[in-house]
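2 protein chains.
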Amino acid sequence: MKIAIDAMGGDHAPRSTVEGAVAAAAQWPKAELLLVGRPEALNPLLGAGKPPNVTVVPAADIIAPDDEPVRAVRRKPDASMNVAARMVKEGAADAMISAGNTGALMAAGLLVLGRLKGIDRPGLTSLFPTTDGKGVLTLDLGANMDAKPEHLLQYALMGSMYRQKVHGLAKPKVGLLNVGTEAAKGNELSKAAFELLETAPIHFIGNVEARDVLSRSCDVLVCDGFSGNILLKAIEGAAETVFGLLKQELTSSLRSKLAAAVLRPNFRRVGKMMDYKVYNGAPLLGVSGLIVKSHGSSDATATMHAIRHTVAAIDNGLIPALAEEFGGK
Amino acid sequence: MKIAIDAMGGDHAPRSTVEGAVAAAAQWPKAELLLVGRPEALNPLLGAGKPPNVTVVPAADIIAPDDEPVRAVRRKPDASMNVAARMVKEGAADAMISAGNTGALMAAGLLVLGRLKGIDRPGLTSLFPTTDGKGVLTLDLGANMDAKPEHLLQYALMGSMYRQKVHGLAKPKVGLLNVGTEAAKGNELSKAAFELLETAPIHFIGNVEARDVLSRSCDVLVCDGFSGNILLKAIEGAAETVFGLLKQELTSSLRSKLAAAVLRPNFRRVGKMMDYKVYNGAPLLGVSGLIVKSHGSSDATATMHAIRHTVAAIDNGLIPALAEEFGGK
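Protein sequence lines, in the order shown, are assigned to chains A and B.
Each residue of the first sequence is one higher than the one before, counting from 1 in my numbering.
Each residue of the second sequence is one higher than the one before, counting from 1 in my numbering.
Derived by calculation from the structure, the hints in this document are not laboratory data.
Any given hint might turn out to be false.
Since the list can't tell identical chains apart, any single copy or any two copies may satisfy a pair.
Stated by the list, open to error - Subject to a maximum C-alpha distance of 27 Å in a straight line, what follows is the list of computed DSSO-like cross-link-like pairs (lysine-lysine):
id, residue 1, residue 2
1, 185, 76
2, 171, 134
3, 247, 272
4, 50, 173
5, 272, 257
6, 277, 247
7, 148, 171
Bound-form chain A, shown alone (with noise of 0.2 Å):
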């Protein structure tokens, strides 16, 4: 299998790309990993070392964090995340990976490689740490900011196959982000929405409020791209602030410097359950191809971490199974 990662995108690339696919070449020896970008930058990186599966793919341009998405796309044809979109449409890659702008992302979804057919309005997604370390894959994450029901129908259907497929779950547990349990809460597209998953061919579990995500109550979450991002953005939010005034207080002394560092691993540990690193790598569901957008901060290891889910992915056949539910590639 070939995979064409955007060695330019990302707050860390392109040590953060080289370094992590240079980390999975080791360890998936199947896998050819094409690293896409300015070849003065990524060969220096990897030096002598360069495993037999990495290889460079020239690309002269870089699509910029605030570019505008939809002009980048049209642009900088030779922007490193244009150039791994193009492979995969053209087959020279079974799958894309990219930290870079998430909206650039979105925009060469779509205007490279289109739709599935069958799917309106394709869905971002994360998989939400959790304590339990299975993960919460939630989308849409931003992508369509006024959804309609049968979209949200199209995401749980899509995002139920992408648990079986990837992640091995049976009979994945879906779930509708609401501000009540009940059937009959919520606004108009949530109690739409919720009237279409109850008679699709799912485990549909019924609604989950925001405060139960992180305990896992189900395996998919469904929600619009504007209060998933809501959501998502919440939950980085308040965990950051409550680990920052932490930190500030741990350090406030000398006696309580001493203790904190006694527990130290004890905080390392807990910091790792909320990691995003070991979840890093979550498909672009509904493009006619597996684009898997990796966090914009992603170091080596969560790069590696994305290239493992993407294996997975490419291995289970997750397109052509995706293609052949909603009516044929």
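Let chain A serve as the given structure and place chain B on it in line with the hints.
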């Protein structure tokens, strides 16, 4: 001033409401606190130490947490919450406070007091804890699930006035909850609301991301009831998860227990910063009278703080000011 307290509403009522009222009675001797509820439950808790400015007002019935809101308000006229609302309506009290069924409290506001002239939909508010202790008044948190842009404008105006009158802020900063900080971001609702807020007579600072809410980017945060509810519960759930994981880790061995014992005052300070208690007591803005929602899990301290905010709102003429702003009573 007279404040009617739904003495039977809340997880820890009536002990929490009685003890909170007794504590507040000593601090604000000018406030007459009217405990509305079952005398046989309230009098024994008050005992011989009843302050002169605390009175029991009999109400035979109780609205349960799982009662259907509108039905509960219509069919239980003698419930403590309804009696308190009628006291406000009839001028027997200047405000009411309840920690009971939130839906029923909103229904009581609409059915007993009615809307303020010029307000289409009342908004449920809460003062979110922030690291600087000033809090962010956020509305709507769930009264109005399918909000229109004009509703968000009304929330901005009412929230701004609340912060001026009750918290003494000269020029409250108003933010719009959104998925990005740029003006063109968001769904149809937030884009249209942005345009209205830009030309409103408030200090509009633009879009605020969920990630930044707790670092207090603004004094008033405006949102629709659906995403406001997601935001509130996501923050609560994430903070609970982090604290829960920490607790589990720090009690996992004798070594960690000993070190954690040294840090107890530090942990307590962090917990206090995130504590809802001092922020407790936020109004249902837009009804024709002052209804203050106290947190369902309020204890005596939280109840006391709700009374504190209510005293300030009455002292500073919040409701007359709102009535004037929105076109006369």
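Do the hints match the structure? See the list:
| no. | hint | verdict |
| --- | --- | --- |
| 1 | 185 to 76 | between (45 Å within a copy, 23 Å between copies) |
| 2 | 171 to 134 | within (14 Å within a copy, 46 Å between copies) |
| 3 | 247 to 272 | both (16 Å within a copy, 15 Å between copies) |
| 4 | 50 to 173 | neither (42 Å within a copy, 54 Å between copies) |
| 5 | 272 to 257 | both (21 Å within a copy, 20 Å between copies) |
| 6 | 277 to 247 | both (21 Å within a copy, 23 Å between copies) |
| 7 | 148 to 171 | within (25 Å within a copy, 39 Å between copies) |
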